[in-house]
Amino acid sequence: MSTVLEVNNIQVVYQHTVQALRGLSLSIPKGSIVTMLGANGSGKTTTLKAISGLLHLENGDITSGNIQFFGKDTRGTPPHKLVRKGLFHVMEGRRVFEELSVESNLIAATYADKEYKKNERLEEVYSYFPRLEERRRQSAGYLSGGEQQMLAIGRALIAKPKVMLLDEPSLGLAPILVNEIFEAIKRINAENGVSILLVEQNAALAFSVANYGYIIEHGRVALDGTIDKLSQNTDVQEFYLGIEKHGKSRSFKDVKHYRRRKRWLS
Amino acid sequence: MEFLLEVSLVGLAIGGVYALIAVGYSLVYRTTRVVNFAHGNMMMFGAYFFFTFAALLELHWSISIILTLLCAAFFGAGIERLLIRPMLGRPAISIVMVTVGLASILHGGAQMIWSAEDFFMPQIFPDAPLVFDGMYIPSNTAYGFLVAVSAIIILVLVFRFTRSGIAMRATAGDQIAASTMGINVPSMFSLTWIYASLTSALAGIVVGSITTLNPSMGIIGLSVLAVVILGGLDSIFGAILAGLIVGWIEAVTGFYIGAAFKDVVPFIVLLGILILRPYGLFGTPEIERL
Ligand SMILES: Nc1ncnc2c1ncn2[C@@H]1O[C@H](COP(=O)(O)OP(=O)(O)O)[C@@H](O)[C@H]1O
Ligand SMILES: [Mg+2]
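Chains U and D supply the protein sequences, listed in that same order. For the first sequence, position 114 matches number 114 in my numbering, and the numbering has no gaps at all. When you read off a place in the second sequence, starting at 1, and then add 1000, the result is the number in my numbering.
Among these hints, one or two may not hold up.
Cβ-to-Cβ under 10 Å is the rule here; a few derived chain U residues that face chain D [unchecked claim]: (1) Ser52; (2) Glu58; (3) His80; (4) Lys81; (5) Val83; (6) His89; (7) Arg94; (8) Glu99; (9) Asp113; (10) Arg155; (11) Ile158.
Every beta carbon over 10 Å from chain U, so not counted as near; a handful from chain D, in silico [claimed, not checked]: (12) Val1007; (13) Leu1067; (14) Pro1086; (15) Gln1123; (16) Asp1127; (17) Ala1128; (18) Phe1132; (19) Tyr1256.
Simulated DEER-style distance windows between Cβ atoms [stated by the list, open to error]: (20) D:Ser1062 <-> U:Gly193: 49 to 59 Å; (21) U:Lys118 <-> D:Gln1111: 44 to 54 Å; (22) U:Gly31 <-> D:Ile1153: 43 to 53 Å.
Note that these hints are calculated values from the structure, not bench results. The C-beta atom is built at its ideal place from N, Cα and C for all residues, glycine as well.
Turn these sequences into a full structure, and let the hints guide you.
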């Protein structure tokens, strides 16, 4: 299978001082959903920003390693041009344009697609998310969190991307909306053939849609493998899926951080 | 009392022109967070561009307006590209100082190019004053108001309904998110400055027609800036309303108290309102998330 996106051993430093990634590699095969799991601050968002080029807007630098998008090095290409080539980053926190209407938010995203046909694109988004059509004239700031996430993914759909980077799409949303959004993610992958890199806190949810997973610790890949392999790993079961060896369930939040680090680094 | 209505009408008409100047400040502030102290003098340059084409080169007024707008567009784009963009990301006070410096360069430049003398603008509007119900509004003021209002309406429509207008508003809202939409953020900065420069040039032609043309006419920009702060720098609607209010207050105090107070009153009102509402009348209405 061919690879659409490849991250090769990158190191990332913020403000010339804070090292966020320490030699991280991953690859996304064409048509797959790859997930990235890891504790807060482990470097997931930084990885996505390095890929989409947003890093430079935040005083971050890739000090070594490289990123290949369809075999081409992305270094030096500004984010708006990467988007136009088919690499769409749906940022953490949704980042809708609150003062703009729902439809204007979608129209803003047409900048990502040179040969866009407005009505056809809007119709596709509305077929994925009928709620957005009901609210198309409302200010995006008045949408609920779940609807804003739909809008954020809708904007990505408008762009007809080849690769979509999704940063914690379930964060802070009601379970019923989370289901709807993850159904959409599966459909976007299956029907539109979009390869997806999905960052999630909720590992069980991520495993339900992904083919392959990376577990990130301190800016490095601590463990990776197919979802089948990862879900059989006892550490992953205990700390990410909340299953104990005896079959009892508990949250990985209860587990002290140092124990987790020690296991994977040893 | 008999005069109040007439004075008010004239004040509101001039207020419409202030609103057009005000919108330029607001546009630039919303997208680039720059308070442009040179805006008044960009307006003054616009007036001189028109004067040069229409009076010195004796071109037809319609051609002169088109050429003036073209010059203004390049002027705005040039200022943004050469002076403002390299400064973005620096402390706000440094950028403000650049625009203050630019203002005095433009003032001196105008004196060198066109001299410090007063000139009359070539007459472009019909001579006869407009009469409403027995009240007279001087021709230039009345038509100037119509020009300003049309320009504002066009601007609002562009921002609301065109793709590039939406992109500019998106950029004003969240620059990083805008760049993830494929929007070229720096080119939106240019576009915003071009629009601001176009509105200021139009306002310059009108202000020059209502009064006279001289290198100090840009001072009016400072009163208008006070007005814009009154409306909340980031609200276009606030800028428009505040422009009208101050035009009216100026005219009424000028008539009833004396012309000497006319320029002071807007600032007194500004202070009063800022004490009551530190973000201006309509500034930053953060929408609460549900
Ligand atoms: N803009 C920034 N400037 C400096 N340090 C940052 C910045 N963004 C993230 N970091 C640091 O980089 C590390 C990784 O952060 P991040 O990629 O956001 O983690 P995650 O998304 O996995 O929670 C953290 O230690 C964080 O403090
Ligand atoms: Mg994150």
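Evaluation of the provided hints:
1. Ser52: holds (7 Å)
2. Glu58: holds (8 Å)
3. His80: holds (5 Å)
4. Lys81: holds (8 Å)
5. Val83: holds (4 Å)
6. His89: holds (5 Å)
7. Arg94: holds (9 Å)
8. Glu99: holds (6 Å)
9. Asp113: Hint on Asp113 (chain U): holds, closest Cβ of chain D at ~7 Å, below 10 Å.
10. Arg155: holds (6 Å)
11. Ile158: holds (9 Å)
12. Val1007: Since the minimum Cβ distance to chain U is about 37 Å, Val1007 (chain D) lies beyond 10 Å and the statement holds.
13. Leu1067: holds (31 Å)
14. Pro1086: Fine: 16 Å to the nearest Cβ keeps Pro1086 (chain D) off the interface.
15. Gln1123: holds (42 Å)
16. Asp1127: holds (44 Å)
17. Ala1128: Its Cβ never comes within 10 Å of chain U, the nearest being 44 Å, so this holds.
18. Phe1132: holds (37 Å)
19. Tyr1256: holds (40 Å)
20. D:Ser1062 <-> U:Gly193: 49 to 59 Å: Distance hint for Ser1062 (chain D), Gly193 (chain U) holds at roughly 54 Å.
21. U:Lys118 <-> D:Gln1111: 44 to 54 Å: Given about 50 Å between the Cβ atoms, the range holds.
22. U:Gly31 <-> D:Ile1153: 43 to 53 Å: holds (50 Å)
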